[in-house]
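Enquirer: Chains as they are written, first to last, in this note's numbering: chain A, 1 to 116; chain B, 1 to 113.
None of these hints come from the bench; they were simulated from the model.
Each hint can be trusted.
Some chain B residues flagged as far from chain A (calculated, every beta-carbon gap over 10 angstroms):
| hint | residue |
| --- | --- |
| 1 | 7 |
| 2 | 14 |
| 3 | 15 |
| 4 | 58 |
| 5 | 71 |
| 6 | 84 |
For lysine to aspartate or glutamate, the following EDC-like pairs were computed, each having C-alpha atoms within a straight-line distance of at most 16 angstroms:
| hint | chain 1 | residue 1 | chain 2 | residue 2 |
| --- | --- | --- | --- | --- |
| 7 | B | 5 | A | 44 |
| 8 | B | 68 | B | 53 |
| 9 | A | 57 | B | 99 |
Virtual Cβ for every residue (Gly too), placed ideally from N, Cα, C.
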Amino acid sequence: GAGVSQSPRYKVAKRGQDVALRCDPISGHVSLFWYQQALGQGPEFLTYFQNEAQLDKSGLPSDRFFAERPEGSVSTLKIQRTQQEDSAVYLCASSPRTGRKGYGYTFGSGTRLTVV
Amino acid sequence: QQQVKQSPQSLIVQKGGIPIINCAYENTAFDYFPWYQQFPGKGPALLIAIRPDVSEKKEGRFTISFNKSAKQFSLHIMDSQPGDSATYFCAAGPNFGNEKLTFGTGTRLTIIP
Chain A
1 GAGVSQSPRY KVAKRGQDVA LRCDPISGHV SLFWYQQALG QGPEFLTYFQ NEAQLDKSGL
61 PSDRFFAERP EGSVSTLKIQ RTQQEDSAVY LCASSPRTGR KGYGYTFGSG TRLTVV
Chain B
1 QQQVKQSPQS LIVQKGGIPI INCAYENTAF DYFPWYQQFP GKGPALLIAI RPDVSEKKEG
61 RFTISFNKSA KQFSLHIMDS QPGDSATYFC AAGPNFGNEK LTFGTGTRLT IIP
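Just chain B, with the same shape it has in the complex (with noise of 0.2 angstroms):
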């Protein structure tokens, strides 16, 4: 029940694309969803949150879709750059992310000019 299910494991866009990252969560206790960016050799680093009362979160060129019904949140790149390829994570937790999260495993996205 702790799982947290991402997809793809890889993704390639061309510049300018949308990329969509999913995931799927089974705990009903979560109601913190972040997503993470990651550079190699680097932490994780925040790019976006969002909790269960709302169904979509848009900040800069990152939204965040949350279907509490599905147990599903997606990510969607606008306008993608070749900076933004990265692997991204996304993860899920509860008491509002003020205790342990649970992280997907990851997709490597590689943004082609």
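Next comes chain A alone, as it looks inside the complex (with noise of 0.2 angstroms):
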């Protein structure tokens, strides 16, 4: 596609609940990125793929968060027994990844998650 999607756009839980949320790289980019931005603060990583494989999730939080991309393509971010902690925009990225030459990101315009 022409850019990176997210869904939902905006998703309320309430605590306990479990959410997915779904994000379509652009096609053909090998890397994909979740970051969670809290209110008024810059975008904090939280895990990256590189085609299926999962290279690094360091940032994620607890072991209630868990991120998956069976066939290198779109991704799901999921959030078991949700938190007040984890209202935020979760906001997905992808790259071209060529190399030395970096393209910087993609950003889709995430999903808002508000946790009741």
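Both chains are sitting in their own frames, so use the hints and assemble them into the complex.
Expert: Given below as structure tokens:
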């Protein structure tokens, strides 16, 4: 597609509910990143994939957070037993990854998660 | 060592002025320094990026100045316009931007007519 698509755009979850956030990267982009952006803050890294391999998950805040990209394209970020502190905008980005030349990320518009 | 410090937190500039936003990093493994622009309800959009082998890069009205020895870099916006009003984030990362980025805390820029 023309850009990175994320769905849903908004999600309200009751505390304790499980949620799944979807990211459709730009077609052909090898790398896919998930970031969490709290209100008034910069994005914070969660995890990153190169094709279907999850190469870095050091930013996932707890074992309630899980991400997958089984076929190297669409990715899902799952949060189990949501807590109020999980309320944030979850951003997905993709990158073509072509060796030394950094093309930079293209971000989606994000999913705003509100846990009540 | 992963922090990227950004200042100021907010900035108000008259139309036509040159807002300057500053960032400092600590990790010497960082070799890619992009700036992103974010409008409300949208994801960050890449404006311009620099590698540490150059001290300045210009793209249109946007200029990055880079000081490798001081581990600092800054964004200058020439002939600023009200449409430039947005939040700006600096970031830094290793491996030529192919891995995770560490973002600054953002600068809310307002350009008044």
